[in-house]
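Work out the full structure: start from the sequences and follow the hints.
For the sequence shown, the working numbering assigns the number 32 to the initial residue and increments by one for each residue that follows.
If you are wondering where the hints come from, they were derived from the structure by calculation, not from laboratory data.
The model shown is predicted, which means the values in this text are computed figures rather than measured ones.
Here a beta-carbon is modelled for each residue, glycine too, at the ideal position from N, C-alpha and C.
Just to be clear, a hint being listed does not mean it is correct.
Cβ pair distances, simulated, as ranges [said to hold, decoys possible]:
# : residue 1 : residue 2 : range
1 : Gly172    : Pro63     : 32 to 38 Å
2 : Arg123    : His159    : 19 to 25 Å
3 : Gly118    : Ala180    : 18 to 24 Å
4 : Ser66     : Gly148    : 32 to 38 Å
5 : Asn171    : Asp117    : 17 to 23 Å
6 : Ser37     : Lys120    : 36 to 42 Å
7 : Ser37     : Arg142    : 16 to 22 Å
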Amino acid sequence: MKPHNSATAKARAASRLAAVQALYQLDMEATPLPSLLDEFHRHRLGAEIEGDQYAEAESAFFDDLVKGAVARRDEIDTLLSSKLADGWKLERLDKTMLQILRAGAYELMARPDVPTGTAISEYVDVAHAFFEAREAKFVNGLLDAVAKAVR
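What follows is the structure, encoded as structure tokens:
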């Protein structure tokens, strides 16, 4: 099933942003994965937090991104590390940036149903939510290199 309508596209975009937030929380707080997913399902996906209405997310897509990025983290980190400039290590990256890259890399590796350009541009959009244009360009370049390696 390919998303054709804008409601599906918006739901997927919301799922990607939520997945990055969940991966960040997992990394910072080591919340057990089932508890974390449950919390996001009950309180974050499509919820209103501090007056901000979160778009309704596609739960199954969100779950796949989070569980998949966690399950394949070592493989993803090895791939991301191989695409960084000489002298750069994943540990040097901003924690949010790292989760954007992990989620994006997972989607490129494991979701052939999502076109390459769509996946990359969506994570560039997520990067814009947290960072300036320079960092968004970094996400674009690194995920483009990942896509060339895995697709």
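Do the hints match the structure? See the list:
{"no.": "1", "hint": "Gly172 <-> Pro63: 32 to 38 Å", "in the structure": "holds (34 Å)"}
{"no.": "2", "hint": "Arg123 <-> His159: 19 to 25 Å", "in the structure": "holds (21 Å)"}
{"no.": "3", "hint": "Gly118 <-> Ala180: 18 to 24 Å", "in the structure": "holds (20 Å)"}
{"no.": "4", "hint": "Ser66 <-> Gly148: 32 to 38 Å", "in the structure": "holds (35 Å)"}
{"no.": "5", "hint": "Asn171 <-> Asp117: 17 to 23 Å", "in the structure": "holds (20 Å)"}
{"no.": "6", "hint": "Ser37 <-> Lys120: 36 to 42 Å", "in the structure": "holds (39 Å)"}
{"no.": "7", "hint": "Ser37 <-> Arg142: 16 to 22 Å", "in the structure": "holds (19 Å)"}
Of the hints listed earlier, there is not a single one the structure fails to meet.
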